[in-house]
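> Can you build the whole structure from these sequences, using the hints too?
Letter by letter, the chains look like this.
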Amino acid sequence: NAGVTQTPKFQVLKTGQSMTLQCAQDMNHEYMSWYRQDPGMGLRLIHYSVGAGITDQGEVPNGYNVSRSTTEDFPLRLLSAAPSQTSVYFCASRTLAGLGYTQYFGPGTRLTVL
Amino acid sequence: DAKTTQPTSMDCAEGRAANLPCNHSTISGNEYVYWYRQIHSQGPQYIIHGLKNNETNEMASLIITEDRKSSTLILPHATLRDTAVYYCIVTSGGSNYKLTFGKGTLLTVNP
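In order, the protein sequence lines correspond to chains A and B. In case it helps, our numbering puts the first sequence at residues 6 to 119. In case it helps, our numbering puts the second sequence at residues 8 to 118.
Derived from the structure by calculation, the hints contain no laboratory data. For every residue, glycine included, the Cβ atom is placed at its ideal position computed from N, Cα and C. Misleading hints may appear alongside valid ones.
Only some residues are given here: those of chain A computed to face chain B with a beta carbon under 10 Å [unchecked claim]:
id	residue
1	Met24
2	Gln42
3	Gly45
4	Gly47
5	Arg49
6	Tyr53
7	Leu84
See below:
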């Protein structure tokens, strides 16, 4: 299993540009989520999904859109990038079956908005 | 979800046990204690979790006090590769649980 993969690893955007951060998992997990981590801070939940076609907002959803058309993929879209969105973005997934306690994280995408 | 309090940083000598404390005095009866760690620049990694009994796996042991208001993560023989930020998270079980990460404890294992 590749686990949770994220692309790209690094990205530089100009203010106002849009882009999509990709996240995929091959573990057939129902639950997927996006976090951002600012320097010296813990992770904050942006959006999450409990299955294809179902998404919901987390703690800091403004400026981000998500959709879940397949179990495997959960892209995060930045509609109009702002310097405040400079951060490291982590995607995570877990199963909803059984106890589903272990959440698996991707390697992260480091985004800089100029 | 219950709030947790952890020391900002700790040091440990290589080969010795690392004991990381976490205070969660407002924990409710259905809330679990989870531990994750984040090695520099990587995504967080699950370590262990528990409800009220002590737990052990290949990575660590989790000791939860009888009143469940605090817990300790024990890495029995710390190595340099265990240098990381360790997060103690308390959240309810079930399919809708969410992980809320605080700032964690930076554990530095020294040679």
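> Against this structure, judge whether each hint is valid.
Against the structure, the hints come out as follows:
no.: 1; hint: Met24; result: violated, 20 Å
no.: 2; hint: Gln42; result: holds, 8 Å
no.: 3; hint: Gly45; result: holds, 7 Å
no.: 4; hint: Gly47; result: holds, 3 Å
no.: 5; hint: Arg49; result: holds, 7 Å
no.: 6; hint: Tyr53; result: holds, 7 Å
no.: 7; hint: Leu84; result: violated, 24 Å
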